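Student: Just so you know, the protein sequences line up as chains A and B, in that order. All residue numbers for the first sequence refer to our numbering, where the first residue is 1 and numbers rise by one. All residue numbers for the second sequence refer to our numbering, where the first residue is 1 and numbers rise by one.
Hints were generated in silico from the structure; no laboratory data involved. Note that the coordinates shown come from a computational prediction; the quantities given were computed from them, not determined experimentally. Quick reminder that beta carbons are idealized off the backbone N, C-alpha and C, glycines included. Be aware that a few hints might be false.
Between beta-carbon pairs, the in silico distance windows are [to be verified]:
(1) A/Ile40 x B/Trp224: 47 to 55 Å
(2) A/Asp100 x B/Glu27: 27 to 35 Å
(3) B/Phe216 x A/Asn70: 48 to 56 Å
(4) A/Glu90 x B/Gly140: 42 to 50 Å
(5) B/Phe145 x A/Gly76: 30 to 38 Å
(6) A/Glu93 x B/Lys208: 55 to 63 Å
(7) A/Arg61 x B/Leu220: 36 to 44 Å
(8) A/Leu32 x B/Arg80: 38 to 46 Å
(9) A/Ile40 x B/Pro128: 38 to 46 Å
(10) A/Glu93 x B/Ser198: 39 to 47 Å
(11) B/Thr44 x A/Asn70: 48 to 56 Å
(12) A/Leu32 x B/Phe216: 53 to 61 Å
With a Cα cut of at most 20 Å, we get these calculated DMTMM-like pairs of lysine to aspartate or glutamate [as the list claims (entries may be wrong)]:
(13) B/Lys208 x B/Glu193
(14) B/Lys122 x B/Glu105
(15) A/Lys104 x A/Glu93
(16) A/Lys112 x B/Asp90
(17) B/Lys171 x B/Glu76
(18) B/Lys35 x B/Glu76
(19) B/Lys35 x B/Asp99
(20) A/Lys104 x A/Glu116
(21) B/Lys171 x A/Glu90
(22) B/Lys35 x A/Glu113
(23) B/Lys35 x A/Glu115
(24) A/Lys104 x B/Glu193
(25) B/Lys208 x B/Glu186
(26) B/Lys208 x B/Glu76
(27) B/Lys171 x A/Glu115
(28) A/Lys112 x B/Asp45
(29) A/Lys104 x A/Glu115
(30) B/Lys122 x B/Glu193
(31) B/Lys35 x B/Asp90
(32) A/Lys112 x A/Asp100
(33) B/Lys122 x B/Asp99
(34) B/Lys35 x A/Glu116
(35) B/Lys171 x A/Asp100
(36) A/Lys104 x B/Glu166
(37) B/Lys35 x A/Asp100
(38) B/Lys163 x B/Glu76
(39) B/Lys208 x B/Asp45
(40) B/Lys208 x B/Glu184
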Amino acid sequence: MEIRVFQIVVPLLSLLFAVGLTTRYRKSRINLREYLFSLIFWSGLAVFSLFPDEISVFIARVFGIASNVNAVIFLGMGIMIYLIFMLYGEVRENRRQLTDLARKIALRDAEKETEE
Amino acid sequence: MSKKKFVTWVCLPAYNEAPVLQEVISELRSEGFHKICILNDGSTDGTEELARQLGVLVVSHPINRGAGAAAMTGIELARRRGWQHLAFMDADGQHIAHDLHSLHEQMYTQQCDLVVGSRFLKTNLCIPRSRRLLNNIANGMTNLFARGSYSDSQSGMRLLNRKAIEAISLKIDGFGFCSEMLMEAENHQLAIEEAAISVRYTAYSISKGQDLQIGFTTALNFLWNLLFR
Numbered sequence: 001m002e003i004r005v006f007q008i009v010v011p012l013l014s015l016l017f018a019v020g021l022t023t024r025y026r027k028s029r030i031n032l033r034e035y036l037f038s039l040i041f042w043s044g045l046a047v048f049s050l051f052p053d054e055i056s057v058f059i060a061r062v063f064g065i066a067s068n069v070n071a072v073i074f075l076g077m078g079i080m081i082y083l084i085f086m087l088y089g090e091v092r093e094n095r096r097q098l099t100d101l102a103r104k105i106a107l108r109d110a111e112k113e114t115e116e
Numbered sequence: 001m002s003k004k005k006f007v008t009w010v011c012l013p014a015y016n017e018a019p020v021l022q023e024v025i026s027e028l029r030s031e032g033f034h035k036i037c038i039l040n041d042g043s044t045d046g047t048e049e050l051a052r053q054l055g056v057l058v059v060s061h062p063i064n065r066g067a068g069a070a071a072m073t074g075i076e077l078a079r080r081r082g083w084q085h086l087a088f089m090d091a092d093g094q095h096i097a098h099d100l101h102s103l104h105e106q107m108y109t110q111q112c113d114l115v116v117g118s119r120f121l122k123t124n125l126c127i128p129r130s131r132r133l134l135n136n137i138a139n140g141m142t143n144l145f146a147r148g149s150y151s152d153s154q155s156g157m158r159l160l161n162r163k164a165i166e167a168i169s170l171k172i173d174g175f176g177f178c179s180e181m182l183m184e185a186e187n188h189q190l191a192i193e194e195a196a197i198s199v200r201y202t203a204y205s206i207s208k209g210q211d212l213q214i215g216f217t218t219a220l221n222f223l224w225n226l227l228f229r
């Protein structure tokens, strides 16, 4: 099997990030769920870089897409769009909580002034 | 409901309106409205301090959250304090205080729960073309999803009775609350009427209102809330 440059760089980088993640988990900067999810992601990326053709052909066959490159791109875009929607939902929830908090503070201060 | 028993608190959502605040409050007082509340939405130009000096009730958000957020704070305050009538008016001097009497007249004669002041019921008003266009788009969108047909869904001059105060809850922080309030009122089977009002456009008030970009974001927010909430 011919070894390409990215098949060395990507696994090494993934290993580096996994070590960093483990350190952060040990220092309780991230919880177990975040640690495992991130570990799975970086491991998956490393595996994909080692067998890119085999995995992309498999994905193309599963989704019925002729080109394996398109299959990976479409899958990646789908995952990104899903994540963007999730992020947008989180941002909206944060905005709502911020507004609720600002309102609570405003009304509490108004009540205090009335009592004075 | 006896007309004499209308005791109305006038709430003005305000963000950086120090240049015109004194005039607006003086005008309200000259029209007999002495129960005034400034809903200060995180202003940084001394609006809060000026409002206190002018002797009105001030409720202040610590940070800017938007006109809709300020309006909902006003509604929540009205609920807590048992206010029977709550009027909203813009703090930028665009509205004419005298028109609040028209809203009261309409509420009294029609026995309705929410009156919206409409700039487009009078034909002789000089409204900038850009404003007409934005309002036409906003009205079109609101009327598409609402049961009623409103001539000025984006008007900030409104009068709510106690039933409307208790029923209406706003979730949109920005200018989309104007349409949201109408839809909320419909959902709670409140009686809604419009009353003709005048408007005073100055370079200052035009700079404070919605522009195309804000209008676009407002529309997106409104649609998102409609579809996903």
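Student: Each hint needs a verdict: does it hold in this structure or not?
Tutor: Now the hints, each set against the structure:
Under the hint 47 to 55 Å, the C-beta atoms of A/Ile40 and B/Trp224, about 32 Å apart, miss the expected range. Distance hint check for A/Asp100 and B/Glu27: the Cβ-Cβ separation is about 33 Å, which falls inside the suggested range of 27 to 35 Å. Evaluation of the 48 to 56 Å hint for B/Phe216 and A/Asn70 yields a failure: the beta carbon distance comes to about 33 Å. Between A/Glu90 and B/Gly140 the Cβ separation comes to about 32 Å, which falls outside the hinted range of 42 to 50 Å.
Hint check: B/Phe145 to A/Gly76, Cβ distance near 36 Å, so the stated range 30 to 38 Å holds. In this structure the hint that A/Glu93 and B/Lys208 lie 55 to 63 Å apart at CB is violated, the actual value being about 29 Å. The given range of 36 to 44 Å is respected by A/Arg61 and B/Leu220, whose C-beta atoms sit roughly 39 Å from each other. In this structure the hint that A/Leu32 and B/Arg80 lie 38 to 46 Å apart at CB holds, the actual value being about 43 Å.
Between A/Ile40 and B/Pro128 the Cβ separation comes to about 57 Å, which falls outside the hinted range of 38 to 46 Å. At about 41 Å, the CB distance of A/Glu93 to B/Ser198 agrees with the hint of 39 to 47 Å. B/Thr44 and A/Asn70 have their C-beta atoms about 51 Å apart, which keeps the hinted 48 to 56 Å range intact. One distance hint, 53 to 61 Å for the beta-carbon pair A/Leu32 and B/Phe216, is violated here, with the actual separation near 43 Å.
Annotation: proposed proximity of B/Lys208 to B/Glu193 is violated, straight-line Cα distance about 26 Å (limit 20 Å). Of the supplied pair hints, the one linking B/Lys122 and B/Glu105 holds, its CA atoms being roughly 17 Å apart against a limit of 20 Å. Using a Cα cut-off of 20 Å, the hinted pair A/Lys104 and A/Glu93 holds, with the two alpha carbons roughly 16 Å apart. Proposed proximity of A/Lys112 and B/Asp90 is contradicted: the alpha carbons are some 26 Å apart, above 20 Å.
Among the hinted pairs, B/Lys171 with B/Glu76 is consistent with the structure: their alpha-carbon atoms are about 12 Å apart, no more than 20 Å. Between B/Lys35 and B/Glu76 the CA atoms are separated by roughly 16 Å; this keeps the pair inside 20 Å, and the hint holds. Note on B/Lys35 and B/Asp99: the hinted pairing holds, with a Cα-Cα distance of about 16 Å set against a maximum of 20 Å. For the given pair, A/Lys104 sits about 18 Å from A/Glu116 by alpha-carbon distance, which is consistent with the 20 Å threshold.
Restraint check: the Cα-Cα separation between B/Lys171 and A/Glu90 comes to about 15 Å, which is no more than 20 Å; the hinted pair holds. About 16 Å separates the Cα atoms of B/Lys35 and A/Glu113, which keeps this hinted pair within 20 Å; it holds. Simply put, B/Lys35 and A/Glu115 have alpha-carbon atoms about 18 Å apart, close enough for the 20 Å limit, and the pair holds. Note on A/Lys104 and B/Glu193: the hinted pairing is violated, with a Cα-Cα distance of about 32 Å set against a maximum of 20 Å.
Restraint check: the Cα-Cα separation between B/Lys208 and B/Glu186 comes to about 29 Å, which exceeds 20 Å; the hinted pair is violated. Between B/Lys208 and B/Glu76 the alpha-carbon distance is near 25 Å, which puts this suggested pair outside the 20 Å criterion. Between the alpha carbons of B/Lys171 and A/Glu115 the distance comes to roughly 29 Å, so the proposed pair goes past 20 Å and is violated. Between the alpha carbons of A/Lys112 and B/Asp45 the distance comes to roughly 24 Å, so the proposed pair goes past 20 Å and is violated.
For the suggested pair A/Lys104 and A/Glu115, the alpha carbons sit about 17 Å apart, so the restraint of at most 20 Å is met. With a C-alpha separation of about 15 Å, the suggested pairing of B/Lys122 with B/Glu193 holds against the 20 Å cut-off. Only pairs whose Cα atoms come within 20 Å are accepted, and B/Lys35 paired with B/Asp90 is accepted, the gap being roughly 15 Å. At most 20 Å may separate the alpha-carbon atoms for a hinted pair to count; A/Lys112 and A/Asp100 meet this at roughly 18 Å.
For the suggested pair B/Lys122 and B/Asp99, the alpha carbons sit about 12 Å apart, so the restraint of at most 20 Å is met. For the hint linking B/Lys35 to A/Glu116, the alpha-carbon distance of about 19 Å falls within 20 Å, and the restraint holds. Restraint check for B/Lys171 and A/Asp100: satisfied, since their Cα atoms lie roughly 10 Å apart, inside the 20 Å limit. Between A/Lys104 and B/Glu166 the alpha-carbon distance is near 18 Å, which keeps this suggested pair within the 20 Å criterion.
Simply put, B/Lys35 and A/Asp100 have alpha-carbon atoms about 25 Å apart, too far for the 20 Å limit, and the pair is violated. Of the pairs offered as hints, the one joining B/Lys163 and B/Glu76 holds, with about 13 Å between alpha carbons and a cut-off of 20 Å not exceeded. With a CA separation close to 14 Å, the supplied pair B/Lys208 and B/Asp45 stays within the 20 Å bound. Straight-line distance between C-alpha atoms of B/Lys208 and B/Glu184 comes to about 26 Å, which puts the hinted pair past the 20 Å bound.
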